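Novice: Take a look at the letters that make up each chain.
There are 2 protein chains.
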Amino acid sequence: MDRHDAKGFSQMRFDPTTLNYNAAGLIPAIAQDESSGEVLMMAWMNQEAIRKTLQSGSVTYWSRSRQTFWIKGESSGHTQTLIDLRVDCDRDCLLIIVRQIGPACHTNRRSCFYTAIRETDEIEILQPQT
Amino acid sequence: MDRHDAKGFSQMRFDPTTLNYNAAGLIPAIAQDESSGEVLMMAWMNQEAIRKTLQSGSVTYWSRSRQTFWIKGESSGHTQTLIDLRVDCDRDCLLIIVRQIGPACHTNRRSCFYTAIRETDEIEILQPQT
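Quick mapping for you: the protein sequence lines, in order, are chains S and R.
Converting from the first sequence to this note's numbering requires adding 513 to each position, the first position being numbered 1.
Converting from the second sequence to this note's numbering requires adding 513 to each position, the first position being numbered 1.
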């Protein structure tokens, strides 16, 4: 049942089964850097990945290609520590505020969003870190 | 064919058919506020919505519930003007930098991501604008 704090903000027990997952049981999760505000990447979680992320503090996605849990940075060292997990109005998308070590992208760029459309061209706006 | 500018950044003609859409022909698009960096919402686009967005400068999604184009703010006046459109490494997600007029969320909140998980609770962190 909803409670309210002194400022009138609602508060309830978090229940991951109340989120809206797609047919494959997945929900998109957007990772945003806690300090720069940069959007780093988007990946997918299932109910268990959300639980693991909340319990461990290490952001854990579900890899659709490998069909397995994917603890971000486990092999690369480019870890994401959970700072805050937010839910959207339709309960079908997550925003994850993270502390990102090193590049978030497997191409060694800080963010996965590294090309931009300018006029009719697509141009690279971030280069791999050295 | 790829070209490179003076700084070595690659540059090619943008072709929306080279993006990876899901089985329904859709790609997730994350809207981020150009000035605050706030992540405002996530919605879906198809190839034609991307073209319309680029041509008009008015961010246009595909409404999955209404199965129609959805020019953001057309009825509410809470428009999104396109500032930059970015593509991720897997070419299966877009990041749209926007100038947002008023609240982005249909609940009248600035952002759709308005609850956060704290300990075992889900708490409201943004209230509707008045």
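Since the hints were made in silico from the structure, they are not lab data.
Heads up, a few of these hints could be off.
You can't tell identical chains apart in this list, so a pair holds if it fits in one copy or across any two.
[Said to hold, decoys possible] Heads up, simulated SDA-like pairs for lysine to any residue below, C-alpha to C-alpha not over 20 Å straight-line:
id, residue 1, residue 2
1, Lys565, Thr633
2, Lys520, Arg577
3, Lys565, Pro529
4, Lys565, Arg622
In this text, all values refer to a predicted model and were calculated from it rather than measured experimentally.
Novice: Taking the numbered hints from earlier one at a time, note which ones the structure violates and give those numbers from smallest to largest.
Specialist: 2, 4
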